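Make a model of the complete structure from these sequences and hints.
2 protein chains.
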Amino acid sequence: MLHLGPFAAARYLPAGSRLGPLCLAGNRGSFARSWPLAGDRGPLPRQVRAAADGERLPVLKTPKGTRDHAPAQAALRERLLSAVVSCFKRHGAAAIDTPVLELREMLVGKYGEGAKLIYELQDQGGELLALRYDLTVPFARYLAMNKITKMKRYHVAKVYRRDNPATTRGRYREFYQCDFDIAGQFDPMIPDAECLKIVHEILSDLQLGDFVIKVNDRRILNGVFAVCGVPDSQFIPACCTVDKLDKVPWEEVRSEMVGEKGLSPEAADRIGEYVQLHGGLDLIEQLLQDPKLSQNKEAKEGLGDMKLLFEYLTLFGITGKISFDLSLARGLDYYTGVIFEAVLLQQENEHVEEPLGVGSVAGGGRYDGLVGMFDAKGRKVPCVGVSIGIERIFSILEQRLEASGEKLRTTETQVLVATPQKNLLAARMKLISELWDAGIKAEMLYKKDPKLLKQLQYCEDTGIPLAAIVGEQELADGVVKLRDVATRKEVDIPREKLIDEIRRRLEP
Amino acid sequence: MLHLGPFAAARYLPAGSRLGPLCLAGNRGSFARSWPLAGDRGPLPRQVRAAADGERLPVLKTPKGTRDHAPAQAALRERLLSAVVSCFKRHGAAAIDTPVLELREMLVGKYGEGAKLIYELQDQGGELLALRYDLTVPFARYLAMNKITKMKRYHVAKVYRRDNPATTRGRYREFYQCDFDIAGQFDPMIPDAECLKIVHEILSDLQLGDFVIKVNDRRILNGVFAVCGVPDSQFIPACCTVDKLDKVPWEEVRSEMVGEKGLSPEAADRIGEYVQLHGGLDLIEQLLQDPKLSQNKEAKEGLGDMKLLFEYLTLFGITGKISFDLSLARGLDYYTGVIFEAVLLQQENEHVEEPLGVGSVAGGGRYDGLVGMFDAKGRKVPCVGVSIGIERIFSILEQRLEASGEKLRTTETQVLVATPQKNLLAARMKLISELWDAGIKAEMLYKKDPKLLKQLQYCEDTGIPLAAIVGEQELADGVVKLRDVATRKEVDIPREKLIDEIRRRLEP
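The listed protein sequences correspond, in order, to chains R and Y.
So that you can map any letter, position 312 of the first sequence is 312 in the working numbering, and since no number is skipped, the others follow by simple counting.
So that you can map any letter, position 241 of the second sequence is 1241 in the working numbering, and since no number is skipped, the others follow by simple counting.
There's no promise every hint is true.
What the hints assert, rightly or not - In silico lysine to aspartate or glutamate, DMTMM-like type, Cα no more than 25 Å apart, as pairs:
| no. | chain 1 | residue 1 | chain 2 | residue 2 |
| --- | --- | --- | --- | --- |
| 1 | R | Lys497 | Y | Asp1205 |
| 2 | R | Lys147 | Y | Glu1460 |
| 3 | Y | Lys1441 | R | Glu78 |
| 4 | Y | Lys1150 | R | Glu460 |
| 5 | Y | Lys1497 | R | Asp205 |
Source of the hints: derived by calculation from the structure; they are not laboratory data.
Quick caveat: nothing in here was measured; it's all calculated off a predicted structure.
Take a look at the structure:
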């Protein structure tokens, strides 16, 4: 549900020297189609350049808003995702997977203003398709399709949004979501509390610095709008406007309410008094006594559940990081109850361009009506879930890694099989084959006669801890010289004991 | 590069009762667009049905040729992928990731007849995009873009092909590829041999039954075509035709060559004499002496390298599963040297619909020209790689699991926190919170007052091995009752020793 990440795609833009005649002559047809004309969609994209011969040539790049992951990034991401997934598993979730493609009509009417950001596939005959926009709607579709009424699942996968980078400051168009959701009719606030516990555990584990988890409830917001005189039909637009309060001051939000959304100035002012409140149990109690709100059925339900939620969060020992914040609204149409969002209070790294407090790294909430939208008879399956803002967290960890100068290993190779003289390729191949068959992670250089120094240098460059060296003498003696790359100590090991010795050395 | 998998998407088709008014009134506009008219693209799709009120209603389904993975399938797939990835890591590969989306022109001219199966995105302004068709072309694009001349990488991800299910017998349109590739200028056949070793290791590890790895070389095929009188321009079409030899008899292949491809009957007959040959070192030696082939430069190079490859495979101890097979051609345009394909000889399960010997489960080859197609100056980076046909293997394992009646656990929960009396939710929440914080995988039912029997039943249903029970007596005594779900033995453990005791019990 989150969509964050300042990691600049631009770093992969190729230098001018890479321009060149990429496509074959036979493809000129589709070529011509590939270049949009300058017009109301903005200036010519950067990759359109006139080459010396007057032809337009493509630049080697990934699509706008997407990026490759080099091995170091892929290794860091693997670590990060595995930390998140292990928390989801700790809470008993099962994995599911759904296609990246969905029928277009499945996504219709679920995302409010987000709908215009959906990637649609060309009609090539057959069904009309789109790329998934999040993992929540496919989950709801999955539940309805399989008539599942109870499930705790996680799903880590890529989602797609045609966000305009010019207006959204570095958001990606392809990004991972890491979602944990609990579907089913249960006693109130127990699953909701667990979702918040999960956010707390993950952010604590990852040591991202201090954070706060803002919590609110759509029913409380609806109650606020109602008692402030906003008509029902304006609740969702008003929600979207309030949602901007974490980025712009109240005055701007107020003027959007009065201007664009057409609320009366008095209604806006009354809303302003509520949505600028935040606190804990004391604030909940105060609002439960509020003469207007306490008369509103929705608000009263929401506040009652909020009180219960705080009780459970106290048992989990995490209220220190929770703030009941009436300005939290969240943009998606489908929320119906508790909503929450975790924000980093201090950026780890000063180079981050965004101001303090915009570091939203997790979010979620209750969506009791979504599954019912997919069911013929409208049968509801109440759901609550959380999405970890993995792109933002990834970029923080990446910056931290860069700052530390530490080099992440991108391979797990334990042993390099090396030879010190010429004409020993066969000996290397026989030995490495034995190691592979014993489950040992081993490499050798793909040269017939590599220099020993080059082989040892490769170990140091890539962090391989051991070298197994077979020379003429070792072959004659039936041994292998096992070298500790860090200490440079070498010991002759009888060939038949080599695998055991390697295993012993690699024990943690 | 492989694309196999008989696992029927149809199992997720919903029953008729699930039809219903899914979309909201506000979306009628896009609704109307969603239904293709009957025409030359075939009859109306199944999901278009007239409802009682005369409106057309969508059926809940995933797009044609795609499927969801339920928890049991996701768990099985996770196991399978982790076995494959651990082999790739054993051979020292680093992971990379590339976007699912590529600029359309990157995919142009790389896939021969496959190009018509590329999914294109709608032009919504900006760049023209397509879904990746395989992981090999994005890898080549990545190398060229970053000017990388040497790399050993693996990539496990989904790819997309608009294959026509009617003609391709159950192939998926969204499927995983598991690729391992070695890029760089190295001594001949050393990386190529490692790719075959990897296929051998993975198929042996997974215990899929007996298999053979067919090997050939595009240069040998080109030599065969040349000496049989096929013009250069017909090599690739001739390759595609020969490639069908594993599915149809020679007579049919011959008639396609003469009919569709316009070869002379004499040329076809001469080709037939070669492409029906298969064997080992002896056949290589025989062809090296062949009066016509030995005069062809390409064939001679290919046969010389094939001999070297067999030498290396002998050192790896895997020639017993290798067959030099001149009928192997592989369909993709980009191969330039060694090509190979692993085939299961016996189906594990009689219910598999396809005939014996069609069980292709891995494939790959050398593509020395592909990276150069992306480079402005045409600089080549020689590459060789292998793709594991994970969908086919997955369906075999799934059928085997079904046949065994074994139930795969879909969660990893170690402890259920339970209470035997009412009004103990707080005790459960406190205890489970302690377990989570200690890294123990724990669940509780989301009910205020669940019956003990229901809680224990949940353990049995989902395979949770331990129950930690806190009742009034246990709370008073400062203990927790730890129950072994399988043996039903219960022991009181002092609260402060509980975590250690659980860890001890869960040790492997």
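Verification of the supplied hints:
1. Between the alpha carbons of lysine 497(R) and aspartate 1205(Y) the distance comes to roughly 24 Å, so the proposed pair stays at or under 25 Å and holds.
2. Restraint check for lysine 147(R) and glutamate 1460(Y): the C-alpha separation of about 23 Å stays at or below 25 Å, so the hint holds.
3. As the CA atoms of lysine 1441(Y) and glutamate 78(R) are separated by approximately 21 Å, the hinted pair is consistent with the 25 Å bound.
4. A C-alpha spacing of about 17 Å is found between lysine 1150(Y) and glutamate 460(R), which places the hinted pair at or below 25 Å, so the restraint holds.
5. Proximity of lysine 1497(Y) to aspartate 205(R) is assessed by CA-CA distance (about 24 Å); at most 25 Å being required, the pair is judged to hold.
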